[in-house]
Amino acid sequence: MRIFIGVAILVLVSCSGKQPASIGDTPFQIKMNADFKDASKSPLKSKDLKSFKGLDFFPFDDTYVVNAQLERTPNSEWFNMRTTTDRLSKERIFGVLSFQLKGKSYALNIYQGEENMTTEGLEDYLFLPFLDDTNGESTYGGGRYIDLRIPKGEKMEIDFNKAYNPYCVYNEKFSCPIVPRSNYLDLKVEAGVKMFVKE
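Heads up, the final residue of the sequence shown is numbered 199 in the UniProt record's numbering, and it's a clean run with no missing numbers.
Think of the hints as simulated: they come from the structure by calculation, not from any bench.
Computed from a predicted structure; not experimentally measured.
One or more hints might be untrue.
What the hints assert, rightly or not - Below 20 Å or equal to it, Euclidean Cα-Cα: the simulated DMTMM-like pairs (lysine to aspartate or glutamate) are: (1) 198 with 137; (2) 90 with 115; (3) 53 with 38; (4) 37 with 172; (5) 194 with 159; (6) 102 with 133; (7) 31 with 62; (8) 104 with 123; (9) 45 with 172; (10) 104 with 157; (11) 152 with 123; (12) 194 with 56; (13) 155 with 71; (14) 194 with 133; (15) 194 with 147; (16) 173 with 38; (17) 102 with 62; (18) 198 with 172; (19) 173 with 48; (20) 102 with 157; (21) 90 with 114; (22) 194 with 71; (23) 31 with 159; (24) 198 with 38.
Based on the sequences and whatever the hints tell you, model everything.
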């Protein structure tokens, strides 16, 4: 009898181990899924949250982690970036990131939001939106975002495995900046979050 009880406990423990609180292959993926499952943080509508099992990611690929050269543009003017709603986001080009990806040279503008500069915890926040050839196929048609921070020097690491969808993909109540066409990469960036498909 004791052996049976012991086996039963082991089975229960192993079964519970197969159902972690959050899923993902990297810390970024695990955190994103945990936040999406948390009703206090999730951008999902309540009906979608009930059936949410996890976001769909491309497998982690270190070839999409690149070292970029930052050319700062301290005299760039503030402008109103269009969003998915009537709201306009006051932004400026903080600098230009130049890098090599899949054997080709690219450059992307990286943006700084005026409101973030006076928001605690976001004073050094930078915003890297981009478009690529997966948009409308395996990823959201409007492009994706990467969060970065102002570096001390002129080098920045861009990890495209951390590319994520604008929140308006999950809920139209969110106002999301529209990715400028100038930030288009003419290749498939098969890294980061894929297109959201409702259950």
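Now for the hints, and whether the structure bears them out:
no.	hint	in the structure
1	198 with 137	16 Å, holds
2	90 with 115	7 Å, holds
3	53 with 38	12 Å, holds
4	37 with 172	18 Å, holds
5	194 with 159	15 Å, holds
6	102 with 133	14 Å, holds
7	31 with 62	19 Å, holds
8	104 with 123	33 Å, violated
9	45 with 172	9 Å, holds
10	104 with 157	17 Å, holds
11	152 with 123	14 Å, holds
12	194 with 56	5 Å, holds
13	155 with 71	9 Å, holds
14	194 with 133	13 Å, holds
15	194 with 147	17 Å, holds
16	173 with 38	18 Å, holds
17	102 with 62	11 Å, holds
18	198 with 172	14 Å, holds
19	173 with 48	14 Å, holds
20	102 with 157	16 Å, holds
21	90 with 114	6 Å, holds
22	194 with 71	30 Å, violated
23	31 with 159	16 Å, holds
24	198 with 38	17 Å, holds
In summary, the numbered hints that this structure violates are 8 and 22.
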